[in-house]
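Number of protein chains: 2
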Amino acid sequence: MNNIDYVKQTCINAKSSSKEISCLSESKKNLILKSLIDEINLKRDDIKDANSKDIESLKLTDNFNNAFVDRLLIDDLRIDSMISSISEIIAFKDPVGEITNIKEMSSGIKVGKMSMPLGVIAMIYESRPNVTIDASALCIKSGNSIILRGGSESINTNIVLSDCIKMALSQNNVNQNVVQLIDRTDRSIVNELLAQHNYIDIVIPRGGKNLIKLIDKLSSIPVLKHLDGICHVFIDRHADINKALKIAINSKTQRTGVCNAMETLIVDKNIAEEFLPLLEEQLKSHNVEIRGCSKTRNILKEVLLASDSDWSTEYLDSILSIIIVDECNDAIDHISKYGSGHTDVIVTENKKIAETFLRNVDSSSVMHNASSRFADGYEYGLGAEIGISTNKLHARGPVGIEGLTNKKFIVLGNGNIR
Amino acid sequence: MNNIDYVKQTCINAKSSSKEISCLSESKKNLILKSLIDEINLKRDDIKDANSKDIESLKLTDNFNNAFVDRLLIDDLRIDSMISSISEIIAFKDPVGEITNIKEMSSGIKVGKMSMPLGVIAMIYESRPNVTIDASALCIKSGNSIILRGGSESINTNIVLSDCIKMALSQNNVNQNVVQLIDRTDRSIVNELLAQHNYIDIVIPRGGKNLIKLIDKLSSIPVLKHLDGICHVFIDRHADINKALKIAINSKTQRTGVCNAMETLIVDKNIAEEFLPLLEEQLKSHNVEIRGCSKTRNILKEVLLASDSDWSTEYLDSILSIIIVDECNDAIDHISKYGSGHTDVIVTENKKIAETFLRNVDSSSVMHNASSRFADGYEYGLGAEIGISTNKLHARGPVGIEGLTNKKFIVLGNGNIR
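Protein chains in written order, with the working numbering: chain A, 1449 to 1866; chain B, 1449 to 1866.
Everything labelled a hint here was simulated from the structure, so no lab data went into it.
Nothing here was measured: the structure is a model prediction, and the numbers come from that model.
Careful, some of the hints might be misleading.
Which copy? The list can't say, so a pair holds if one copy fits it or any two copies do.
No farther apart than 27 angstroms at their CA atoms in a straight line, the calculated lysine-lysine pairs in the DSS-like style are these [what the hints assert, rightly or not]:
no., residue 1, residue 2
1, Lys1456, Lys1661
2, Lys1691, Lys1732
3, Lys1717, Lys1749
4, Lys1661, Lys1856
5, Lys1496, Lys1749
6, Lys1558, Lys1799
7, Lys1561, Lys1541
8, Lys1691, Lys1743
9, Lys1657, Lys1855
10, Lys1541, Lys1614
11, Lys1476, Lys1785
12, Lys1799, Lys1476
13, Lys1673, Lys1456
14, Lys1785, Lys1856
15, Lys1856, Lys1665
16, Lys1476, Lys1614
17, Lys1856, Lys1799
18, Lys1673, Lys1840
19, Lys1541, Lys1856
20, Lys1467, Lys1799
21, Lys1561, Lys1463
22, Lys1694, Lys1561
23, Lys1732, Lys1743
Construct the entire structure; sequences and hints are all you get.
In structure tokens form, the structure reads like this:
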């Protein structure tokens, strides 16, 4: 079969299997997930063998480096973590089928809503093979069909993992096409997939910014995505200095290469002289390079001058830009101009200023007196996270199982007519 | 200014004004809407004069027919109805800014959600000038900026109405660009608008199916839309015959040219012989033509044979297709194959069968023992309706003020770090 027919057939299979999985009971879906845990445990050696093959192949390419190997590697610890992620999803309440918010109208009808699966999800991702399991388990629990297109470098691992899923589905007499792995590695396959808006309801990319940009450009299907994580922490004049230090240091240094790390610190001029020298000292011990505005450099004499492009750069590294502003509204304006709508934080003890910031900053996560690093599906109690969205429509912020569903209207009558 | 620059400038104005309207208090937004009512009352004669001009121009074109004039006409009664629609929107609770669903996590942070405006809406519509007022009032109350592109045939009416809105905004010292009417009638303007994904967050078309199809095809921006309303009523074997007759007749005949009218009736074989002759009699008195499957024709000897294309046709007319099925699951399969995801109804006294239908039919409205004609924003208590969506993402079904908002995450801490 040529690639075009192969993708089309995969999509047709997904669409028809999506009706079956969308109607399954919670207990049946949990049985599939329990079988999946058993299968993974049974196939531990096969999974690790296939993974070794992938890593060996990687070593022969130009892409080989330690970070890449680390993303690709599956050992017993990571298998355990896949299993515990499935267990968490089993423990989650069935996200579909419940009627909520029933209200009686003056006409006599009752109107409510019911959560439903989205339908068919296409997941396009690089390296980390645990996504194969996480995404499949989330889709099974939420009643969606999924088409998986992993990176070519993890193809052997993904094939064994998807075999485990197929086995778990078939052991429970459920259509195996609920989870389909694209086992061809040609790049043209992605283009074909992204044209299938008649079959696929949403595309979720996971990987580098360039991959996501390309997918967004090519796709005829809505893409759940974020491109940048230019996260800000604003230290208001009414901040508690100790909280401000803790939050700024944690937001910048707890992990630097992640999308919810702080990239720009905004400081109220009335607290800058007290706060910035204390911060500089701690940042130095974490080897963080500072690039400041001219006012910052009046206080911190040694730092580099930030250029305009610094305010719109996601460093993903031990670099921090700092700008001093007159007051909270200027911080909000800066975030609105340069931010990426991901996560922004205010540190203040003044309730009214906090409320203004929370209300007027339109990012997918807005925080008061907490580290930006909390912007995460697990931390928000959503269970495994399928992605983070800075879109304005559908789910915003970390997307868990609920973001894989949407609500239809339910009307209950007793023979009512208009 | 050429059309490209004109559209670009309109979009820039909308984007910058959207920040202002998004932050306004409820009382301020209501003041604007109250001023709008006063302005419309003051300008009654101007509105009617401009409307007469539009109708005179229409009479000189090939498009002239009574239905078209009826859609375009603004008289005192319709002005009163615009005003009462604004009053209803004033009475609605502010849909943005409230923090809901706060939960404390084990880390100590509290996570909740806050509704926010979408940003900039582009409304593209034909003839009915009341959309100018309804859509603008909904956007003001929900904190969105709106760009209005009405039909060229109603341009004079729309200019006077949008002047009323501008006056209401300026009387309350709010940026007039919150509501902008495109006052150029060139068709190329629409193409330009649909390319502005950096400025416009959602496009809402209102009008004929061909207009909506074209907009959906050309748009680089998400389009909130429905194309067809192929609505089904399924009469289960456990239906109460009187309710079934009432609901079928009302769904088909109360208004035939609307998207929530029934187009196909599905009948359980065990009730068909009793039900169909009674229905035929009533349909005859409403002059409804019946096209039936072969089994239907065994019972109703005079009806035409339906062809396969009948099952996927939205007649919008006094025509009904009828199919007999073995049981509820076959009805669900028929709806899944031929339906348009708009509104589908089951009539039954059997609770379990009703639950199966409500759960397994994935349309934007699914009803039990009620007329399909209830699928409407007013009937659902949403206030004025900005459109109906059969999309899988974001709002589904009738879309009111809530569908013009979305939720961001709010995190409240007390110095928490990871």
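Here is how each hint holds up against the structure:
1. Lys1456 x Lys1661: Both, since 24 angstroms and 23 angstroms are each at most 27 angstroms.
2. Lys1691 x Lys1732: Within one copy only: 18 angstroms inside a chain, 77 angstroms across chains, cut-off 27 angstroms.
3. Lys1717 x Lys1749: within (16 angstroms within a copy, 87 angstroms between copies)
4. Lys1661 x Lys1856: between (31 angstroms within a copy, 23 angstroms between copies)
5. Lys1496 x Lys1749: Neither, since 53 angstroms and 69 angstroms both go past 27 angstroms.
6. Lys1558 x Lys1799: between (40 angstroms within a copy, 16 angstroms between copies)
7. Lys1561 x Lys1541: Both, since 17 angstroms and 20 angstroms are each at most 27 angstroms.
8. Lys1691 x Lys1743: within (23 angstroms within a copy, 76 angstroms between copies)
9. Lys1657 x Lys1855: Cα proximity of lysine 1657 and lysine 1855: across copies only (25 angstroms, versus 31 angstroms in one copy).
10. Lys1541 x Lys1614: This pair counts as within: shortest intra-copy Cα distance 23 angstroms, inter-copy 49 angstroms.
11. Lys1476 x Lys1785: Answer is between: at 25 angstroms across copies they meet the 27 angstroms cutoff, but 49 angstroms inside does not.
12. Lys1799 x Lys1476: between (48 angstroms within a copy, 22 angstroms between copies)
13. Lys1673 x Lys1456: both (24 angstroms within a copy, 26 angstroms between copies)
14. Lys1785 x Lys1856: between (36 angstroms within a copy, 18 angstroms between copies)
15. Lys1856 x Lys1665: between (29 angstroms within a copy, 25 angstroms between copies)
16. Lys1476 x Lys1614: This pair counts as within: shortest intra-copy Cα distance 15 angstroms, inter-copy 57 angstroms.
17. Lys1856 x Lys1799: Classified as between; 19 angstroms across copies, 38 angstroms inside a copy.
18. Lys1673 x Lys1840: Both. Shortest intra-copy (11 angstroms) and inter-copy (17 angstroms) distances satisfy the 27 angstroms Cα cut-off.
19. Lys1541 x Lys1856: both (19 angstroms within a copy, 22 angstroms between copies)
20. Lys1467 x Lys1799: between (49 angstroms within a copy, 22 angstroms between copies)
21. Lys1561 x Lys1463: For lysine 1561 and lysine 1463, only the intra-copy Cα distance (24 angstroms) is at most 27 angstroms; the inter-copy one is 32 angstroms.
22. Lys1694 x Lys1561: between (43 angstroms within a copy, 25 angstroms between copies)
23. Lys1732 x Lys1743: For lysine 1732 and lysine 1743, only the intra-copy Cα distance (20 angstroms) is at most 27 angstroms; the inter-copy one is 83 angstroms.
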